[in-house]
Amino acid sequence: MFDFAIAGVEAPVFLLALVGLTVGIVGGFIGVGGGYMVTPALIVFGFPGYMASGIDMTHICGKGLVSSVRHRQLGNIDWTLALSMIAGTMLGVELGVRILVYFKGLGISGVVLLMTSVALMFVLFLYTQIETRRAHKMMEEMEKEGKEVGRELQTSNLPRLFQTIPLAPIIRCRTARVIVSMWVIVLVGMITGVLAGFLGVGGGFVRVPALVYVVGASTHVAVGTDLVEIVISGAYGALRHSIEGNVDMMAVLFMIVGAMFGAQVGSIATSYVRGPAIRYILSYSLILATLGAALRLIYVLTGQNVHWLSLAAVMLTLGEMLFLCLFISSLVYFAVRRRGGKWVPDWVGPLVI
Amino acid sequence: MKWFINSMLGFWVLLLVISLGAAALVYEIWLKGRI
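Residue numbers (the working numbering), protein chains in the order written: chain P, 1 to 353; chain L, 1 to 35.
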């Protein structure tokens with residue numbers, strides 16, 4: 001236990017480092033900041049809500065930087081895409097925060113926030129899961145027919161629809177291999193920014209699917225590019241929270257100790273898998289987060305009297321981080337085995353390189 | 001046990017059970033009484 005003077009709490013240091021490590025691995029792999037997992041976990045450890053947000057944002061900035069550097073080395077960042085999105089994202093975040101303040105004025109921000117989280121994450125989970133299963137099946141058939149399977153296969157028709165929008169300027173995103181109107185990218189940044197600002201998160205879990213299914217970037221490039229956005233929004237969030245006195249740097253440092261290592265591992269792990277594997281992990285992250293948010297919502301709606309609901313939400317939050325890390329580690333383990341010509345389960349083959 | 005490895009759903013269930021078990025252990029050792 002360590003006494004965090006600024007936060008005014010005693011919290012287990014080992015758990016902070018473990019949360020940093022696990023969310024670092026997950027974040028580096030699927031391109032999210034992990035705020036929707038970290039903030040509830042910090043609240044469980046005893047940090048007040050506003051401190052949990054501030055600590056989370058600050059550690060996300062540092063972790064995002066490490067992941068971005070690694071993804072740049074892996075060739076997964078499209079700078080044209082990233083820079084085009086920034087303005088839209090910042091504007092969207094500011095708008096989202098103002099919408100939140102409006103609902104706060106009505107006294108219903110907590111319930112509205114939880115309901116929005118549940119609905120949004122569930123819809124994203126459904127779409128990502130269905131599309132990824134289709135892609136997985138196609139890859140399995142291609143492997144059986146002896147055809148070469150590339151790093152990415154995506155079966156959604158949405159990117160083609162958005163790429164035909166003729167609004168100038170049309171830009172070429174070389175790394176993402178996409179030619180699309182800049183306004184589509186700005187709009188994606190704005191809408192994901194609004195959701196991020198409203199929900200108080202980095203927005204990666206919305207932005208990565210948006211980059212894949214709207215802009216048409218490959219999953220690896222969507223992950224790397226999104227992490228650049230997260231560094232910028234995380235830096236801004238860290239600055240704002242620090243000014244408000246919401247950041248306990250000792251807590252941030254303990255989390256960063258784990259996150260520095262985890263972010264590297266997660267980023268490198270993407271080079272062992274194909275796009276659908278990353279999308280599978282993203283969809284699992286979404287459904288588990290949906291369940292956790294749904295339990296918290298039911299707990300709030302039942303007047304905070306059914307305590308096992310709150311406990312179940314805590315278990316799910318902690319368990320989700322470990323589950324995702326175990327799945328990612330398993331995929332890398334199976335990839336290494338397959339490269340060595342050893343047996344792997346049939347369903348793994350098309351997912352790993 | 002084979003179903004838990006050979007089937008994607010089975011593997012998902014296996015990892016979830018392990019993770020929730022570990023979360024329960026973490027709760028028992030470090031977080032009981034704080035919530």
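Don't take every hint at face value.
Unchecked claim - The list that follows gives simulated cross-link-like pairs (lysine-lysine, DSS-like), each with its CA atoms no further than 25 angstroms apart:
1. P:K144 to P:K342
2. P:K144 to L:K2
3. L:K32 to P:K137
4. P:K342 to P:K104
5. P:K137 to P:K147
6. P:K342 to L:K32
7. P:K342 to P:K137
Everything labelled a hint here was simulated from the structure, so no lab data went into it.
Hint check:
no., hint, verdict
1, P:K144 to P:K342, "18 angstroms, holds"
2, P:K144 to L:K2, "22 angstroms, holds"
3, L:K32 to P:K137, "44 angstroms, violated"
4, P:K342 to P:K104, "57 angstroms, violated"
5, P:K137 to P:K147, "14 angstroms, holds"
6, P:K342 to L:K32, "43 angstroms, violated"
7, P:K342 to P:K137, "22 angstroms, holds"
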